[in-house]
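Here is what each chain is made of, one letter per residue.
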Amino acid sequence: MEKVYINSIGSISAQKTFDNNDFLEEITTYEDNIIPVIEPNYKDFIPPAAARRMAKGIKMGVVASKIALEEANLTDIDAIITGTGMGCVRDSEKFVTAILDNNEQFLTPTSFIQSTHNTVAGQIALGIGCKGYNFTYVHSSVSFESALIDALMQLELKEAENILVGGVDESGEHTNAIHKLIQHIKPEKINSNELLNSKTAGAVFGEGANFFVLSNKKQDSSYAQVLGVKTFNTLAISDLLANLEAYLKENNLSATDIDVLISGNNGDIDYDNYYTELTNGPFKNTQQVVYKHLSGEFNTASAFGFWLGAKILKTQQIPSAVAINTIKTKGFEIVLLYNQYRGKNHSFTLLRRC
Amino acid sequence: MSTGVAITGMGIISAIGNNVAENYSSLLEGRTGISHISKIDTVHKGSIMVGEIEFTNAELEAKLGLSTNNNYSRTALLGAIAAKEAIADAKITNIKAYRTGLISSTSVGGMDMTEKFYYDYLESEDNRRYIEGHHAGDSTEKIAEQLGIDQSLVTTISTACSSAANAIMFGARLIKTGKLDRVIVGGADCLSKFTINGFKTLMILSDSYNTPFDENRKGLNLGEAAAYLVLESEFLVKKEKKKVLGYVVGYGNANDAYHQTASSENGDGATLAMEKALAVAGLEPKDIDYINAHGTATGNNDLSEGRALIRVFGEDVPEFSSTKAYTGHTLAAAGAIEAVYAILSLQNNIIYPNLNFKTPMKEFSLIPQTTLKEKALNTVLSNSLGFGGNCSTLIFSK
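Line by line, the protein sequences give chains C and R.
Counting from 1, one number per residue, gives the positions in the first sequence under my numbering.
Counting from 1, one number per residue, gives the positions in the second sequence under my numbering.
Bear in mind the hints are in silico, worked out from the structure with no lab data behind them.
Do not rely on the hints blindly, as some may be mistaken.
Straight-line C-alpha distance at most 27 angstroms; calculated DSSO-like pairs for lysine-lysine [as the list claims (entries may be wrong)]:
{"id": "1", "chain 1": "R", "residue 1": "K176", "chain 2": "C", "residue 2": "K230"}
{"id": "2", "chain 1": "C", "residue 1": "K230", "chain 2": "C", "residue 2": "K158"}
{"id": "3", "chain 1": "C", "residue 1": "K230", "chain 2": "R", "residue 2": "K96"}
{"id": "4", "chain 1": "R", "residue 1": "K84", "chain 2": "C", "residue 2": "K230"}
{"id": "5", "chain 1": "R", "residue 1": "K96", "chain 2": "R", "residue 2": "K238"}
{"id": "6", "chain 1": "R", "residue 1": "K176", "chain 2": "C", "residue 2": "K3"}
{"id": "7", "chain 1": "R", "residue 1": "K96", "chain 2": "C", "residue 2": "K131"}
{"id": "8", "chain 1": "R", "residue 1": "K238", "chain 2": "C", "residue 2": "K3"}
{"id": "9", "chain 1": "C", "residue 1": "K158", "chain 2": "R", "residue 2": "K179"}
{"id": "10", "chain 1": "C", "residue 1": "K249", "chain 2": "R", "residue 2": "K96"}
{"id": "11", "chain 1": "R", "residue 1": "K96", "chain 2": "C", "residue 2": "K344"}
{"id": "12", "chain 1": "R", "residue 1": "K276", "chain 2": "C", "residue 2": "K3"}
Calculated Cβ distances over 12 angstroms to all of chain C for the following chain R residues [said to hold, decoys possible]:
{"id": "13", "residue": "S26"}
{"id": "14", "residue": "L28"}
{"id": "15", "residue": "G65"}
{"id": "16", "residue": "A97"}
{"id": "17", "residue": "S105"}
{"id": "18", "residue": "M111"}
{"id": "19", "residue": "L122"}
{"id": "20", "residue": "E141"}
{"id": "21", "residue": "I157"}
{"id": "22", "residue": "Q260"}
{"id": "23", "residue": "D268"}
{"id": "24", "residue": "T271"}
{"id": "25", "residue": "E319"}
{"id": "26", "residue": "K358"}
Ideal Cβ placement from N, Cα and C applies to all residues, glycine included.
Make a model of the complete structure from these sequences and hints.
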């Protein structure tokens, strides 16, 4: 089996991450329960006329993928695999609203077309003329990890050499409004610095696009090796540690081999106890990192965690904004990511320095 | 030819039947499921025809034994019914005995409930339980729960009209690489105002019975359906002495990279998908005995797909037909519906008629099979082509 590397990255998030030379030097703090991305100047990447027609999710996905392709020094790619929980949800909202408000009359196709979940992957393919394999996974908080599993299988078996993998989700007004009503979004506005210790129910919703070129050919720009990823549709809290230990063992690792644990806790008191099983348990004395106070929660937020892991391994630095303890300051070899959303769709991802 | 991945069970619910046996008898009898819409109150009622499943949501809920305060979308209800039939067909009694995953697909997900309660959610608490049922993964989660699949690989694919074909492809690869011992693969989509109006704005809905590959075709009829296959590893088949219904021997996916919704005139994506699938199967075009075409009866699809068939098969295109005139275009479910039909073809050595065909297209001399035909079949190729240029081909063998 071939080894698989993260050869490049492209990130648009609620922090200024679209410049690959930066690494969370400047942190934007928010006092809200919904946070937007910091957008690059899209005109630097997409012709303005085309950009005007594109949904925000498409713009974010196209630009993040361009940044990643450029860094990997590629103009074409063997496959494009995306994950998205909700697709271009603003266009879904727009189309439903138009149907309801105008009694199914006077509709135009643009928002319907853009609401299709694979529209971002399709637009990226269209933009670079890529006729290769093109898949989109849409399964809540394992959407991005499903895309990773697919890409790893192809690269490990040498069915492809370079694959663009990404997670993208945009925030939608109606979707946010109704998720406030069912307390999936916190009722109160909260400061990013206090979010993860908020002790209240619900999350702060965000959005973002994080794209990567994965390859079985290591190059100068390579960030890390992807050792593997595993997802679970359900996992009782009492079964979490046993399953994690088994997964580490499959990779000939144990908890003590992990240099950095990146947790996807989002400050929701009802579900963050999954993470404390790890952070207060076998990883109590491990360097711990968090990120959802910077990115917000969304279905593909874990792709931002993946970006963070790649950056840490390449730069061998942990920005103070994401470190919650100081166990280790150098020599980061292996990173473990753990994520779940509302107690479902769990994932473990392992990265190694390369 | 590669040995492929064994199919040991299948289940289906569509406008032409509520299970595999009913679907097969409708196919044999040439009985279409296309009619005027009865379950959705749309202003387009009189001007479109659809492939609708006869059961109401309440009837489907009763079949599944759900409580009245459940939050199943119709997509989830249809999916659960079909997936349960597939499990029973594969005679699986203990789903936890082996590493079992679920790869489902959908394009509308819970949109049927979202469009119903969109404003109501803001005013009243009564139906807010459906909010969590909107996202595309929800129907898959519910199907997993119905089947008792837990602590496992469960995910959802949404690539428009090729979704279920891609779910079958991904599932087959998970078995081939040994990541799972057993996987349930397929897709589900219900009808909704969202898709009816979406396709209406694209002006590709027919006001009459759809006529695939006909010169005077007027567009597609939307349909609702769900279908699932059980795929099992070679090891498991041997160990449990499972009856094998057929094999997935080839698969290929490619992107047309031509337009957001339309297919390229020369069918580049479809050609590539078929070529890849043949290569994976280790087959030559001449080895294909029957093609279940995507054949949606839109002007664009049938021309593009027809040209792709000629590019791959030359002058000797084997018998082909589209079954969309029976079921309507069932979007994300279509690839799984037609996979079930392909297996039934192989089991019974039967080619289904392409209903409603009268006049050959002027661009080429392709003529679909228009009558039920018996032929010794060893391989069937099935195409699914979708929005976003997404083109997929599956090849099944005895």
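Outcome of the hint check:
| no. | hint | verdict |
| --- | --- | --- |
| 1 | R/K176 - C/K230 | 17 angstroms, holds |
| 2 | C/K230 - C/K158 | 20 angstroms, holds |
| 3 | C/K230 - R/K96 | 18 angstroms, holds |
| 4 | R/K84 - C/K230 | 26 angstroms, holds |
| 5 | R/K96 - R/K238 | 18 angstroms, holds |
| 6 | R/K176 - C/K3 | 19 angstroms, holds |
| 7 | R/K96 - C/K131 | 39 angstroms, violated |
| 8 | R/K238 - C/K3 | 32 angstroms, violated |
| 9 | C/K158 - R/K179 | 17 angstroms, holds |
| 10 | C/K249 - R/K96 | 22 angstroms, holds |
| 11 | R/K96 - C/K344 | 18 angstroms, holds |
| 12 | R/K276 - C/K3 | 24 angstroms, holds |
| 13 | S26 | 30 angstroms, holds |
| 14 | L28 | 35 angstroms, holds |
| 15 | G65 | 20 angstroms, holds |
| 16 | A97 | 17 angstroms, holds |
| 17 | S105 | 9 angstroms, violated |
| 18 | M111 | 8 angstroms, violated |
| 19 | L122 | 7 angstroms, violated |
| 20 | E141 | 7 angstroms, violated |
| 21 | I157 | 6 angstroms, violated |
| 22 | Q260 | 5 angstroms, violated |
| 23 | D268 | 7 angstroms, violated |
| 24 | T271 | 10 angstroms, violated |
| 25 | E319 | 28 angstroms, holds |
| 26 | K358 | 30 angstroms, holds |
In this structure, the earlier hints numbered 7, 8, 17, 18, 19, 20, 21, 22, 23, 24 are contradicted, and the remaining ones agree with it.
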